[in-house]
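Number of protein chains: 2
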Amino acid sequence: MNKDFDIAILLFDGITPLDAIGPFDVLGKVPGAHVKCVGKKTGLVRTKGLSLGLNVDYTLADVTAPDILLVPGGPGADPSAEDPEIVDWVKSVHQTTTWTTSVCTGALVLAAAGVLNGLEATTHWRAMETLKDFGATPVRKRVVKQGKVVTAAGVSSGIDMALSLAADIAGEEIAKAIQLGIEYDPEPPFDAGDFETAPPERVELVRSTLARP
Amino acid sequence: MNKDFDIAILLFDGITPLDAIGPFDVLGKVPGAHVKCVGKKTGLVRTKGLSLGLNVDYTLADVTAPDILLVPGGPGADPSAEDPEIVDWVKSVHQTTTWTTSVCTGALVLAAAGVLNGLEATTHWRAMETLKDFGATPVRKRVVKQGKVVTAAGVSSGIDMALSLAADIAGEEIAKAIQLGIEYDPEPPFDAGDFETAPPERVELVRSTLARP
Chain A
1 MNKDFDIAIL LFDGITPLDA IGPFDVLGKV PGAHVKCVGK KTGLVRTKGL SLGLNVDYTL
61 ADVTAPDILL VPGGPGADPS AEDPEIVDWV KSVHQTTTWT TSVCTGALVL AAAGVLNGLE
121 ATTHWRAMET LKDFGATPVR KRVVKQGKVV TAAGVSSGID MALSLAADIA GEEIAKAIQL
181 GIEYDPEPPF DAGDFETAPP ERVELVRSTL ARP
Chain B
1 MNKDFDIAIL LFDGITPLDA IGPFDVLGKV PGAHVKCVGK KTGLVRTKGL SLGLNVDYTL
61 ADVTAPDILL VPGGPGADPS AEDPEIVDWV KSVHQTTTWT TSVCTGALVL AAAGVLNGLE
121 ATTHWRAMET LKDFGATPVR KRVVKQGKVV TAAGVSSGID MALSLAADIA GEEIAKAIQL
181 GIEYDPEPPF DAGDFETAPP ERVELVRSTL ARP
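Protein chains in written order, with the numbering used here: chain A, 1 to 213; chain B, 1 to 213.
It should be emphasised that the hints constitute simulated quantities derived from the structure, not laboratory data.
In this text, all values refer to a predicted model and were calculated from it rather than measured experimentally.
The beta carbon of each residue, even a glycine, is placed where N, CA and C say it ideally should be.
Any given hint might turn out to be false.
[Unchecked claim] In silico EDC-like pairs for lysine to aspartate or glutamate, Cα to Cα no more than 16 Å straight-line:
no.: 1; chain 1: A; residue 1: K141; chain 2: B; residue 2: E187
no.: 2; chain 1: A; residue 1: K145; chain 2: B; residue 2: E187
no.: 3; chain 1: A; residue 1: K132; chain 2: A; residue 2: D78
no.: 4; chain 1: A; residue 1: K40; chain 2: A; residue 2: D83
no.: 5; chain 1: A; residue 1: K41; chain 2: A; residue 2: D83
no.: 6; chain 1: B; residue 1: K145; chain 2: A; residue 2: E187
no.: 7; chain 1: A; residue 1: K91; chain 2: A; residue 2: D67
no.: 8; chain 1: A; residue 1: K41; chain 2: A; residue 2: D62
no.: 9; chain 1: A; residue 1: K40; chain 2: A; residue 2: D67
no.: 10; chain 1: B; residue 1: K40; chain 2: B; residue 2: E82
no.: 11; chain 1: B; residue 1: K141; chain 2: A; residue 2: E187
no.: 12; chain 1: A; residue 1: K40; chain 2: A; residue 2: D13
[As the list claims (entries may be wrong)] Here are a few chain B residues that sit away from chain A, every Cβ distance over 10 Å (derived from the structure):
no.: 13; residue: D4
no.: 14; residue: D13
no.: 15; residue: K41
no.: 16; residue: G53
no.: 17; residue: D67
no.: 18; residue: T98
no.: 19; residue: E120
no.: 20; residue: T137
no.: 21; residue: V139
no.: 22; residue: Q146
no.: 23; residue: G193
Only chain A is shown next, with the shape it has when bound in the complex (with noise of 0.2 Å):
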């Protein structure tokens, strides 16, 4: 990959911001690195009950060859999955990337695409079936690289999958520094972040609310 490479993240109503600034603040900082949004049209994309606008940039016309793909997902992923326009874009992109990487429900608008074809992936817990469905084969992983595609599982996953590209990349040592410049040195208050261990009363009351447009 050149010294100086371009990263686009696809943008689209609906996102979970969370799935695109993890990796933002992390993969943003590694050098040479050139963001930009991208979506159907330029403008405002707003998270679900709108209260979060981020802009897109470039449309999808503008960005032919980015050297890194990055599809978030949300619960816009799962319509963004089922657009012709969005889905063509990343089969096209996806030829000549060095990499093509999503973060949670970002999985279903790859595999839509057909980039997951018989590859091992893993995406939100919530999608894991859906992932089957496309033809992929669904691990509960955090992070699964398969070549030069890398999935990640639900949303805060983006931040460890992000650090891992980095270090691909540009090496452990930037990596690192990222890593200590973010802070990130996780003290979540509780053990509730695993699907596996999740008591089903819960699972429900998060599946309940979750793909909701």
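Once you have looked at the hints, place chain B on chain A.
Then chain B, alone, in the frame of chain A:
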């Protein structure tokens, strides 16, 4: 606090977006939460390097009595702490908040508004000394609660702070469901997020780039 409550997130040019978005994707999911993105004027604020735009939906004058104030950090926090319009607004809304919070160098803005006078507080490691100059007692902890004032350390610590606050607001079960929803079961690929154990050359590498506007 009411069943319905307002969270004001202060946005400014030079924000580190993860400081705001980590807590956004946690606190914004507490039942009854209404997030308002507030700034000096409506429209986009930009990150350092200009590659990401977040939208300000409300001016400072529009939001006079949020239940929760969240001040994120970043290179733009330093000038914000010297901006009388912002500092006066923070001073004013703090009078009636239920919680006044900061992430990373957002603490400098709280400190400039006198909110941290005589209190223990934390911030990003690069700004601990500055915090002392402002009359606060810097404490090297990930999250520091002093009555209704809650400060978090650098960038990613806002997620831990917000989960703890979600439990205070809505109970542990809700906080745990949110943690499961964002699949926050961190697996940093390196053990490099702690300032105390970082080699001096790495600290210097990070320090030399962090506060540049």
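Verification of the supplied hints:
no., hint, result
1, K141(A) - E187(B), "10 Å, holds"
2, K145(A) - E187(B), "15 Å, holds"
3, K132(A) - D78(A), "15 Å, holds"
4, K40(A) - D83(A), "10 Å, holds"
5, K41(A) - D83(A), "14 Å, holds"
6, K145(B) - E187(A), "15 Å, holds"
7, K91(A) - D67(A), "14 Å, holds"
8, K41(A) - D62(A), "10 Å, holds"
9, K40(A) - D67(A), "19 Å, violated"
10, K40(B) - E82(B), "14 Å, holds"
11, K141(B) - E187(A), "10 Å, holds"
12, K40(A) - D13(A), "10 Å, holds"
13, D4, "13 Å, holds"
14, D13, "13 Å, holds"
15, K41, "14 Å, holds"
16, G53, "3 Å, violated"
17, D67, "14 Å, holds"
18, T98, "18 Å, holds"
19, E120, "17 Å, holds"
20, T137, "19 Å, holds"
21, V139, "14 Å, holds"
22, Q146, "17 Å, holds"
23, G193, "3 Å, violated"
Checked against the numbered hints above, the structure violates hints 9, 16, 23; every other hint is satisfied.
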